[in-house]
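Asks: What follows is each chain in one-letter form.
Number of protein chains: 2
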Amino acid sequence: MSFVRCLECPKCHSTYTAIEIHNLCQCGSPLLVRYDLERLGKEVKKEDLKGRRADLWRYWEFLPLEKEENIVSLGEGFTPIFTANNLGRELGFKHLYIKDEGLNPTGTFKARGAAVGVSRAKELGIKTIAMPTAGNAGGAWSSYGARAGMEMIIAMPVDAPELAKKECVVSGARTYLVKGLISDAGKIIAQGVKKYGWFDASTLKEPYRIEGKKTMGLEIAEQFNWELPDAVLYPTGGGVGIIGIWKALQELQAIGWIKGPLPKMISVQAEGCSPIVKAFQEGKKESEFYHGAQTIAGGIRVPKALGDFLVLEAVYESGGTAVSVSDDEILVAVKLVARTEGMFICPEGAAAVAGAQKLLASGFLKPDEKVVVLNTGSGLKYPELVELDLPVLEKEAEI
Amino acid sequence: MSFVRCLECPKCHSTYTAIEIHNLCQCGSPLLVRYDLERLGKEVKKEDLKGRRADLWRYWEFLPLEKEENIVSLGEGFTPIFTANNLGRELGFKHLYIKDEGLNPTGTFKARGAAVGVSRAKELGIKTIAMPTAGNAGGAWSSYGARAGMEMIIAMPVDAPELAKKECVVSGARTYLVKGLISDAGKIIAQGVKKYGWFDASTLKEPYRIEGKKTMGLEIAEQFNWELPDAVLYPTGGGVGIIGIWKALQELQAIGWIKGPLPKMISVQAEGCSPIVKAFQEGKKESEFYHGAQTIAGGIRVPKALGDFLVLEAVYESGGTAVSVSDDEILVAVKLVARTEGMFICPEGAAAVAGAQKLLASGFLKPDEKVVVLNTGSGLKYPELVELDLPVLEKEAEI
Chain A
1 MSFVRCLECP KCHSTYTAIE IHNLCQCGSP LLVRYDLERL GKEVKKEDLK GRRADLWRYW
61 EFLPLEKEEN IVSLGEGFTP IFTANNLGRE LGFKHLYIKD EGLNPTGTFK ARGAAVGVSR
121 AKELGIKTIA MPTAGNAGGA WSSYGARAGM EMIIAMPVDA PELAKKECVV SGARTYLVKG
181 LISDAGKIIA QGVKKYGWFD ASTLKEPYRI EGKKTMGLEI AEQFNWELPD AVLYPTGGGV
241 GIIGIWKALQ ELQAIGWIKG PLPKMISVQA EGCSPIVKAF QEGKKESEFY HGAQTIAGGI
301 RVPKALGDFL VLEAVYESGG TAVSVSDDEI LVAVKLVART EGMFICPEGA AAVAGAQKLL
361 ASGFLKPDEK VVVLNTGSGL KYPELVELDL PVLEKEAEI
Chain B
1 MSFVRCLECP KCHSTYTAIE IHNLCQCGSP LLVRYDLERL GKEVKKEDLK GRRADLWRYW
61 EFLPLEKEEN IVSLGEGFTP IFTANNLGRE LGFKHLYIKD EGLNPTGTFK ARGAAVGVSR
121 AKELGIKTIA MPTAGNAGGA WSSYGARAGM EMIIAMPVDA PELAKKECVV SGARTYLVKG
181 LISDAGKIIA QGVKKYGWFD ASTLKEPYRI EGKKTMGLEI AEQFNWELPD AVLYPTGGGV
241 GIIGIWKALQ ELQAIGWIKG PLPKMISVQA EGCSPIVKAF QEGKKESEFY HGAQTIAGGI
301 RVPKALGDFL VLEAVYESGG TAVSVSDDEI LVAVKLVART EGMFICPEGA AAVAGAQKLL
361 ASGFLKPDEK VVVLNTGSGL KYPELVELDL PVLEKEAEI
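Those sequence lines, one after another, are chains A and B.
Read the first sequence against the UniProt record's numbering and you will find it ends at 399, with the numbers running on by one and no gaps.
Read the second sequence against the UniProt record's numbering and you will find it ends at 399, with the numbers running on by one and no gaps.
Source of the hints: derived by calculation from the structure; they are not laboratory data.
Check each hint, because a few of them may be wrong.
A pair counts as met if it fits within one copy or between any two copies, since identical chains are not told apart.
[Unchecked claim] DSSO-like cross-link-like pairs, simulated, lysine-lysine; straight-line CA separation at most 30 Å:
1. Lys284 - Lys45
2. Lys50 - Lys284
3. Lys50 - Lys370
4. Lys187 - Lys127
5. Lys187 - Lys395
6. Lys194 - Lys370
7. Lys179 - Lys194
8. Lys278 - Lys395
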């Protein structure tokens, strides 16, 4: 059932066959899946989507799986996009939307990459997967790995969110904590990969995770009835989300399902870890390792992303921008969104909200533009964001 | 857009107009929404559902809202039903399914009742809603209330799950903790309702929450392509879920969308709080207040449900049964489901899994029957279920 043509290196343009297991290109770059878009465009029509399953597999022609029986699913994707009119009114936007990735299995957008990554790994006969994680990707991959009957090895910073650790443990993953950042956990995994032959599913070190994330872009297009919004704000850590959305929009443009200008892609980072913002401000094509990275939004605490050049490409090509926000602004945004829209969002999603507010103030975004903010996960995974100080009543008390 | 005929008392059969605000019947019983099913059956076809929005509002003809603009939605419902083959193999079922309500906003099935309850309250002009809760309903109603711009007053046991408390707080609800059970919280709310004129949204004290829960039954029917499974297991606290599913199936039968025998409705409770099981074993139509209620599954720690007679009616009429499981069995089931299927389920859902296992052993369920277990929420809301004892590595360590 696959329309995959090959794997291609976006840097040196080497190609590889997709029926073999690959990680990085020989030049060290991530590999991207390329499809026979001409055939896809001829054989598939937008209207075919109507009535299909309400998860990301509704876009199977844009995904790398050969056989339906290899799908490992927990109900990922096809998350709703809400009009956030109450929040928009507070911030000064007339057409503000939130896409809520918190409704994914395991509570974050990481489920998309894990679903497609694990499914394809199963199809390729892989039995053991290893990866470093800031937390949520580990929880997601452990869950899908368990459902696929695979062995999972996970390493994450010792200060990763407790709930992500518990997701790994409860689903039976071999889980290690590391006194350091995700980059340190990555080194330990890389060593194990070499020693034991595990499959390395680090961010962008395998080509299929991004295909899962790409479906966010397909969904935005379909949910806006193929008339795209003006801007998409994405909190950027490893960057696979923004790279994936951009890839999706380009594929849709290539087959003619969408026309006209694409949305401005906006990368939002935390002030305490903003390598992409720095590179963008300096007009560079790649970022530098960000020393002393620190932010409450652990998912975007990535000092140097392997796909930084792809993130920056999406930002430059789309006429977007990159902006950073403080931890205080993140906390304010979490509370503001909950009070106005009833959505308990994660700090990374709150960073994107705060970024939108900043770019409206700076004039980069206009009040009447259609602006989509990606909330990448549920606030339920970050209980430490909310303090409790509640009145305690006796049984016979009165209010 | 409404097919609502009236509100009807299932006990004394008094009827009330639905365009006014009502709580209980004058006889003290909950009220049920009745529809003009004849007209509905004529005007709506199963095929009309294809391609509709992927949430519970796809069934709007079966719901009590008059105007679409009053919908308060966060993406609730149309949750997936999975084949749980790995788990089935462990337990001895050939056709085991889990419907995962953890993918709802706020992480539990309570979002369904809150979405429909708050939407209808908004439509009726209600500004302030008060309710007691075991925790999760409070989180859900607070979230939907915030999105609707309503004032919410919530009272819950002091030992309710921390995350549910935080959901209430972050979305701006006035939240009180009570040294007692949900029934004690209920007394305090009832007093406030009398004193301040708040709208009382206690379980089954308003007629619309059940309509939201009903959509689980509509979904089971649609997702099984209108060929129903043999049994549905539901963890039972207040009982609105099982009552709602049963109501849905009867409505679908009345309009001819489903035929043949309906599934056996099975109520699962905790050994430490099993009033329905006791009543069923004694062949009674109502339950007695269960003294000393205690279980780790807080959502089913309800000593006496207002709708107990409706739960028992569903169980008796469907040829179902009621069964209780221990807290140890619940904990084992949480881990088993996570390891085999990658789903981190809540203790109430785990109780239903353990109940299925017990009824297979007793011979009530057969290995080749199609059995659906409702997982009513995400395990992410119960972090205390998983203990962490993980190896901590230095940065330069090797695995």
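Asks: Would you mind marking each hint as holding or not holding in the structure?
Replies: These are the hints, each one checked on the structure:
1. Lys284 - Lys45: For Lys284 and Lys45, neither the intra-copy (39 Å) nor the inter-copy (58 Å) Cα distance is at most 30 Å.
2. Lys50 - Lys284: neither (42 Å within a copy, 48 Å between copies)
3. Lys50 - Lys370: both (24 Å within a copy, 29 Å between copies)
4. Lys187 - Lys127: within (21 Å within a copy, 56 Å between copies)
5. Lys187 - Lys395: between (55 Å within a copy, 8 Å between copies)
6. Lys194 - Lys370: The answer is neither: 47 Å in one copy and 46 Å across copies each exceed 30 Å.
7. Lys179 - Lys194: within (21 Å within a copy, 56 Å between copies)
8. Lys278 - Lys395: between (57 Å within a copy, 27 Å between copies)
Hints 1, 2, 6 from the earlier list are contradicted by this structure; the remaining hints agree with it.
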